[in-house]
Each structure stands twice: as C-alpha cells, then as structure tokens.
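Residue-level listing of the chains:
2 protein chains.
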Amino acid sequence: MADKKVEAITSMEEDFAQWYTDVVVKADLTGYTSVKGFMVLKPAGYAIWELIQKQLDERFKATGVENVYLPMLIPEGLLQKEKDHVEGFAPEVAWVTHGGLNELQEKLCVRPTSETLFCDFYQKDITSYRDLPKVYNQWCSVVRWEKETRPFLRSREFLWQEGHTAHATEEEAQERTIQMLNVYADFCEQILAIPVVKGQKTEKEKFAGAVATYTIEALMHDGKALQSGTSHNFGDGFARAFGVQYTDKENHLQYVHQTSWGMTTRLIGAIIMVHGDDNGLKLPPKVAPTQVMIVPIQQKKEGVLEKAEELRAKLSEIARVKVDATDKSPGFKFAECEMRGIPLRVEIGPRDIENNQCIVVRHDTGEKLTVSLDELSDKVTELLEVIQKDMLETARAHRDSHTYTATSWDEFKDIIENKPGFIKAMWCGETECEENIKAETGASTRCMPFEQETLSDVCVCCGKPAKKMVYFGRAY
Amino acid sequence: MADKKVEAITSMEEDFAQWYTDVVVKADLTGYTSVKGFMVLKPAGYAIWELIQKQLDERFKATGVENVYLPMLIPEGLLQKEKDHVEGFAPEVAWVTHGGLNELQEKLCVRPTSETLFCDFYQKDITSYRDLPKVYNQWCSVVRWEKETRPFLRSREFLWQEGHTAHATEEEAQERTIQMLNVYADFCEQILAIPVVKGQKTEKEKFAGAVATYTIEALMHDGKALQSGTSHNFGDGFARAFGVQYTDKENHLQYVHQTSWGMTTRLIGAIIMVHGDDNGLKLPPKVAPTQVMIVPIQQKKEGVLEKAEELRAKLSEIARVKVDATDKSPGFKFAECEMRGIPLRVEIGPRDIENNQCIVVRHDTGEKLTVSLDELSDKVTELLEVIQKDMLETARAHRDSHTYTATSWDEFKDIIENKPGFIKAMWCGETECEENIKAETGASTRCMPFEQETLSDVCVCCGKPAKKMVYFGRAY
Numbered sequence: 038m039a040d041k042k043v044e045a046i047t048s049m050e051e052d053f054a055q056w057y058t059d060v061v062v063k064a065d066l067t068g069y070t071s072v073k074g075f076m077v078l079k080p081a082g083y084a085i086w087e088l089i090q091k092q093l094d095e096r097f098k099a100t101g102v103e104n105v106y107l108p109m110l111i112p113e114g115l116l117q118k119e120k121d122h123v124e125g126f127a128p129e130v131a132w133v134t135h136g137g138l139n140e141l142q143e144k145l146c147v148r149p150t151s152e153t154l155f156c157d158f159y160q161k162d163i164t165s166y167r168d169l170p171k172v173y174n175q176w177c178s179v180v181r182w183e184k185e186t187r188p189f190l191r192s193r194e195f196l197w198q199e200g201h202t203a204h205a206t207e208e209e210a211q212e213r214t215i216q217m218l219n220v221y222a223d224f225c226e227q228i229l230a231i232p233v234v235k236g237q238k239t240e241k242e243k244f245a246g247a248v249a250t251y252t253i254e255a256l257m258h259d260g261k262a263l264q265s266g267t268s269h270n271f272g273d274g275f276a277r278a279f280g281v282q283y284t285d286k287e288n289h290l291q292y293v294h295q296t297s298w299g300m301t302t303r304l305i306g307a308i309i310m311v312h313g314d315d316n317g318l319k320l321p322p323k324v325a326p327t328q329v330m331i332v333p334i335q336q337k338k339e340g341v342l343e344k345a346e347e348l349r350a351k352l353s354e355i356a357r358v359k360v361d362a363t364d365k366s367p368g369f370k371f372a373e374c375e376m377r378g379i380p381l382r383v384e385i386g387p388r389d390i391e392n393n394q395c396i397v398v399r400h401d402t403g404e405k406l407t408v409s410l411d412e413l414s415d416k417v418t419e420l421l422e423v424i425q426k427d428m429l430e431t432a433r434a435h436r437d438s439h440t441y442t443a444t445s446w447d448e449f450k451d452i453i454e455n456k457p458g459f460i461k462a463m464w465c466g467e468t469e470c471e472e473n474i475k476a477e478t479g480a481s482t483r484c485m486p487f488e489q490e491t492l493s494d495v496c497v498c499c500g501k502p503a504k505k506m507v508y509f510g511r512a513y
Numbered sequence: 038m039a040d041k042k043v044e045a046i047t048s049m050e051e052d053f054a055q056w057y058t059d060v061v062v063k064a065d066l067t068g069y070t071s072v073k074g075f076m077v078l079k080p081a082g083y084a085i086w087e088l089i090q091k092q093l094d095e096r097f098k099a100t101g102v103e104n105v106y107l108p109m110l111i112p113e114g115l116l117q118k119e120k121d122h123v124e125g126f127a128p129e130v131a132w133v134t135h136g137g138l139n140e141l142q143e144k145l146c147v148r149p150t151s152e153t154l155f156c157d158f159y160q161k162d163i164t165s166y167r168d169l170p171k172v173y174n175q176w177c178s179v180v181r182w183e184k185e186t187r188p189f190l191r192s193r194e195f196l197w198q199e200g201h202t203a204h205a206t207e208e209e210a211q212e213r214t215i216q217m218l219n220v221y222a223d224f225c226e227q228i229l230a231i232p233v234v235k236g237q238k239t240e241k242e243k244f245a246g247a248v249a250t251y252t253i254e255a256l257m258h259d260g261k262a263l264q265s266g267t268s269h270n271f272g273d274g275f276a277r278a279f280g281v282q283y284t285d286k287e288n289h290l291q292y293v294h295q296t297s298w299g300m301t302t303r304l305i306g307a308i309i310m311v312h313g314d315d316n317g318l319k320l321p322p323k324v325a326p327t328q329v330m331i332v333p334i335q336q337k338k339e340g341v342l343e344k345a346e347e348l349r350a351k352l353s354e355i356a357r358v359k360v361d362a363t364d365k366s367p368g369f370k371f372a373e374c375e376m377r378g379i380p381l382r383v384e385i386g387p388r389d390i391e392n393n394q395c396i397v398v399r400h401d402t403g404e405k406l407t408v409s410l411d412e413l414s415d416k417v418t419e420l421l422e423v424i425q426k427d428m429l430e431t432a433r434a435h436r437d438s439h440t441y442t443a444t445s446w447d448e449f450k451d452i453i454e455n456k457p458g459f460i461k462a463m464w465c466g467e468t469e470c471e472e473n474i475k476a477e478t479g480a481s482t483r484c485m486p487f488e489q490e491t492l493s494d495v496c497v498c499c500g501k502p503a504k505k506m507v508y509f510g511r512a513y
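Chains A and B supply the protein sequences, listed in that same order. Taking the working numbering, I'd label the letters of the first sequence as residues 38 to 513. Taking the working numbering, I'd label the letters of the second sequence as residues 38 to 513.
Isolated chain A, as found in the complex (with noise of 0.2 Å):
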C-alpha cells in the first residue's frame, strides 16, 4: 500500500484484540459513556447497522415476515414458566425493581430474549387455525449482565432482530427454522461478503428451551470462529409450559410449534475481524454508508470544487457519495478513507479536469485506475461490485484454506495449536468427550454441518463409533 496511515494501528499479527480494538476505535465506529459494559453506536458504526437492518428486513418480509414492537419488560413470573429456558437467562438478567418511587410487587427483568412475552402474547391471541401462522420480527435491543465486554462482540446491551413464529404444525415450524437459517446464510454472503458453514448445534451448546439449534458460523481473520446467527426450532414446549394453543379444523384443540431465530450488531464485528486489515475497517460495498469518497486535489484551484461536487451529483444517482472537501492534506484524506473502510476512493485536480478525467482507487486491492469522466458512473457501478463479489471470494479463500481436518487426537492438538482455523473431525455424539475437548484445547463444537463427510469411523477424541462430522474451533 502506498498510502499511509493517519495514525498507528497495532499489527494484526503482533496483536489481533488490539488490532481489533484500534480498528473500532479509530474508524470512529463506538464511543465511550459512564455506563460500564455498555457502548455508544457512532454514527459510523450505527449507518452500518441501518445498511444491515433495511437489507434484512426486505429479505424477511419477501418470506412474509411481520414486524411488531413488544414490552422491553419480562415480569419474573413470565421468565419462569419454561423451566430450560429460566435457568439459562435468569444468571444474567438485568433487574427492575422499582418503578416511580415505589417498590414494584413482582420485579421485572430487562428483556434478553423475548420467547416468553411472545408466548404470553399468542397465548392470548391465537385461537383458531385460521389465526395461523404468526410469522412476527422485532428489531430491538437486549441486555444481559455481561461480565467482560468488547465493541460489537460482547456488550451489555446489543441491538439485534429477534424473529418469533407460531405455526400449526411440527412440519411447518421445521420448514421455518431452516428458512430462515438459509436467509442468513445467503444475507451474510452476498451482503457482508462472509462466507458461512451452515449446520446444527450439539445438544451441549443449543439454546436453553429449543428441540433444535441451528447456527451459520464464519470464520475470523485470525482463525477464531464466530456465531453469526442461530434459528432455533422449539418444538411444543413452549406451547405447553405457556398454555399456546389453537383449536383445528376438527375443532380439536392443539399445541402450536414455535421458532425463533436473530442477528444482532455482532455482525458489525464479524465484517471488521473478516474484511479489515492494518490499514483499517474494509467495508463490503453493500453495507458501506459512504460508497465512494471524492478527494478534490489542489482544492483551491478555480473550477476543482466545483468538478467534485458535479461528479457527487452524478454519481448520486448510483450510489452513496461524498466529497472531502475539509482543509485536511490530501494525504491526510486518502488515509481516512482507508481506515473508515470506503470502497472506492476518487481523486479529481486541475490536471485531470483538463484532461476530462480522474483517479479512482479500488480499497480493497489498492489498484489505481484512470477514468474518463463520461464512463466515470459506469466504472464505479462496475467497482463496486466487483469489490464486493472479490471482497466474497477472499473471504471463502481464506476460510477454506485455513479448514483443516484431524482424523487423530494428535492430528487434532497440532492444528488447534499451530493453525488457528476450524477443524474438521468425527464425533460419538456424547457430551461429556465434547466437554472434555473443550477443556483440553478451547475448541468447541460450532456446528454439526448439513454438509456431512465422513472423515473416519471413529470419535477424533475418544475412539468410540463417530456418529457426527462436527467442526469444531475456537470462538468469540
């Protein structure tokens, strides 16, 4: 690269949470309020998460996906009715205790998850077939009393969609969780440019009150997994423990199947730790707020403000621009671009007017390119998606060549060691061998893939008949 950097970024290499933490920091993407564990969205980092929302949303509402809005409150009594579902949130719950200046009867909890409000709503308005199904999405935001916290990774609070169905059958409730996982397989490649492993998760590891867990996991720069999004199909049991039930077209009286499924700011963070690079964030051109930054050169010279803010008109048309027009060095300007991540950088002087030309510069390979002004909206449509289909391909290169496959129990602690990436091996099934490769290397089961192989007949860990090919890996 030639461009320099306006500040030190730590290395990658020399320190991968620094890096990541520099990165948040000098993009501008968070900042800092008196409130421990909790994080500011700047507006850098929020019009990302805005990109995210509205192309998610119209991908949900095309499968007949309804938003409503429900209390951010859960009365204690509501978090207790479904036993698993109780003990895995009720550890990290934010309480309210008192409301005004009185001391509330019943405390309330600060919702992390909102299945049994959901459930307490269908309850009452669910009931008949004819209501079926409820195919509901909230976009809101969640606590839970995180001890350690990072920017997007891991916060107190964290925005995210929190999809919730009701349907009048176990078929169709399956149907749903699998759809909606396939959603987001196909939202994070062609939007985020992140390739993703698509499979289900061990018993150990699913969600506290599902019958399933599914889960899309992708892989970070630095060879540590990251689950993206889960979709968790729920069986009945919800159904049961709520009293959520429907009368058919027999007029008997049933249990519906429910699913749930959510993305949350997390994935702000997967795009950083997947696409950044010593310079800084690289944003996909999809969820890129500034697509294209036009840096006039010798700003002063009569008519260059002018041609840069004639081009932002034009290019306006096809994409999301903006001119530098600051008293900053151009140096200076180039740099910014780099660490904020902007796809395509366009630098226009006195002699490129002269020549009707200008520069355009690719950030993601740092390719220099001279464009005629009359192609110059035809280029950048092409730019941007080139950009963000090589910004894929990448992506899934680096996945693939750091997914490696242990079929022995040395193989499997060399890799975990020295080749930090995800790992391909057998597994009996039992949650106690899971237990204890986690305890050995800090690598979990992130999935069980649709997408089985089989590596050998017998457990990597422990030697007993494989039932599963799992990947497993560290995580976030």
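Everything labelled a hint here was simulated from the structure, so no lab data went into it. There's no promise every hint is true.
Chain copies aren't distinguished; within one or between two, either way the pair holds.
Claimed, not checked - List of simulated lysine to any residue pairs, SDA-like, C-alpha gap at most 25 Å:
{"hint": "1", "residue 1": "K286", "residue 2": "K337"}
{"hint": "2", "residue 1": "K235", "residue 2": "H135"}
{"hint": "3", "residue 1": "K63", "residue 2": "D285"}
{"hint": "4", "residue 1": "K161", "residue 2": "R191"}
{"hint": "5", "residue 1": "K144", "residue 2": "S178"}
{"hint": "6", "residue 1": "K286", "residue 2": "S366"}
{"hint": "7", "residue 1": "K184", "residue 2": "L138"}
{"hint": "8", "residue 1": "K243", "residue 2": "M485"}
{"hint": "9", "residue 1": "K118", "residue 2": "Y69"}
{"hint": "10", "residue 1": "K171", "residue 2": "G101"}
{"hint": "11", "residue 1": "K118", "residue 2": "H135"}
Place chain B on chain A using the hints.
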C-alpha cells in the same frame, strides 16, 4: 355510508374514549401481554410506525442529522447532574438495582429520555470547534412509570426518536430548535394530514432543564388538544452541568449550546383521533401500510382471482396493494377495509372483467367510481393524492371551526364548557394566573403561537395588562 360495520364500534358522540379504545382494538393495532401498563404494537400498528419512521428519518437526514444509539440505562449519578432535569424525571423512572446475580453498586434507571447520556457522551467526544455541530438522533424506546395508561397516548414504554444537538453558538442552537419544529409541523401536515399550531410553551409547561420549549399542537375530533412534538433549546445549562466544552478558533474554552427534539408513537393516537369515524380508522395514504385493497367479487368464478392478482401486480408499481382472497364474504371484507382505514378499495367481479372495468371506492368519502382497467393505475395514483390532500383540508376545517376567541372570563368559561376546541385568549404572563385558569376550567396553556394577534389589552382571566396571546385547551 352504505357499508355495514363488522362489529359495533361505540359511537364517537356517545363516548369518545370508548370509541377510541374500540378502534384501536378492532383495527388490530395493539395487543395485551401480562406486563401491566405496557402494550404490544401488532403488525397493523407497527407498520404505521415504520412508515412514520422512514419518512421522518428522510426529512431529518436532509437537514444533516446522523443517527446513533446510546445505552438504555442511566447511572443515578448521571441523571442527577442537572438539577431541574432530575426533579422532572426522577419520580417517574424505573430503576434497575440488580445485574445478573449481584446488587449493583449504583442503581441505573431505564432511560425516560437521554439528555444526560448525550451530555456525558459529548463531554468525552467534543474537544474543538472542529467537532461541532453534533446533530445526532436516536430511534429507541423509553420508559416512564405512568399511573394511568392508554394505547399510544400514555404508556409506560413508548417508541420515539430523540434528537440531541450541540452547537458552538447560542444562535445556531436556536436556529436548529426552530428548524426541527418546522420539520415536525411540515411532516404532520404533509404526511399525517394533521394541521398543527406552532408556538412556544410557557415557563410552567416547558421541559425540565430547557431554556425554551417549542411545540406543535393538534386538535382531536372531540375538541381536545394533543401535544404532537416538542423541540427544546437548552442554552448552555446542560453543558455547564456536564462540563461539555470546546476550544474555539481563538483557543478559548467555551461551553456548547444544546437542543433536543422528539416525536413518539403518540402520533398514531393523533391519526386515529383526527381522522377516524364511527366506521373505524381512516389512514392518510402516506402512512397507510395497505393503500389499496382489492376485493374479488364471486371469486370462485373462473378468472376472477387471476384478474385480481394481475391488478395487484400492476398496482404494486405505484402503491402498497393487497388482494383479500380469503373465504369471507365481500360485505365482511368491505367492512374490514373500513375498520382498518384502507384509503382505497377496488372491487373486481366477472361482469367487471367482461366490461374491462372495476369499481373503486374512496374510504374517506364513500364515493364509488367505475374505472376502466386501462386507466386504473393513473386513477389510483390521482385518488391517493386527492385523498391525502382532502383529509388535510377536512382536518383543517374541523380545527378552524373549533378554534374560538375569548375576550372575557365569562366567555372563556362558556366556551370551555360548551364548545370543545382551542380557545385563543390574551394572558398576563403570570404562572399563578395560568394555574388558576387550569384549576377552574381544566384548560391548560397549549402554546404562545408564533402568529400572535391582539385580541384585547388585558388578560382574559385576571384583567391585568396582557403580554401574549395564548392557545388554551383541554388536552390529552
């Protein structure tokens, strides 16, 4: 109206409050859970909020507003930093006292509004004049521990946007305060078809901690006023309390000047009470989630549903359209369109298809038109515009014919008892007099309108020299 109602709605004349509740329930806008004082926004209600949010957000961004997200919890010490502000809000907040399994060292309140958090954030984020202005907004929910609640109008949790800005000068802050009030007023008129009176709140009615509060006041169908949006100028009061300072161009340390402004889901209550009638909701086209409902007639006859679907596909290019292909009777479907306030209904049956035509019914007037299918798109576009405009004019005529002038105390009392609406009257400017008027008549000062008139030289109540013309009214 020719169409019958699905279920009886209490007549407005008979009991306006019950009419309101009936419409909210029967148009399926909100639902109940077991969380007392909180409501569920169901799909039909939330979709209106989404349209409000989208169109308001566009207007914000056109003035340079950037969206952010700040924590939902505020440490007690932070809330207490500005004296007037804490006095205003402390009695009505919810307190979190436990996080996870531990009691918190400092209790946290669920945000009732976020001035204190923004100040704390700005104190850390602003150092130089180059960092100004900050023109930030957030979309979120807030909690206020209300004793009596009504859907949309008063609820323990509601959705809103809160803008918080910081400026170098007093003038710039005042300019932004008025600019946002104008954005609100224009939005209400152009999008919600609700005319408003713009003005300043009195000392007694201004926001806790503000130097000046500006408001837009709308008149409901029953003659009561609804405060529909407020914009506050804080001067440098919060900045001094929180130490929000910047160094100016001459390297002197200065306090910033701040504003805040908000609109809430209360606007949905305003839409109901301004436009609704005894048949249910009436939605202005610009906030109608479904603008056109196509009702197939004799839908089992060959080709009817296909034609309805063909019209839907075509109209989708210019409007939000649905087909009601359920097995309910056409009469039932018509009534549902009424109840839910859908602006246009299109009826298409076998005979219409033969004649290459359909029936288009305006919900606001009940007018039925026979329209050639070749001209349907143009006609629908035109009608949606006409309805939007006519609804504003109807609401304006109602507001104007229910705005009275009182120049004596007897006249004031007579109007307040017998003619529900706004009362314009002169006022001495004394809080004591304002309190007397409220105690005796239940009418509060709505605002000191920007468009002042001189109705007489003396206060309508006490007879002392008049300082301002005020809009009075009973209010929600």
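Against which earlier hints does the structure fall short, listed by number upward? Of the numbered hints given earlier, the structure breaks just one, which is hint 2.
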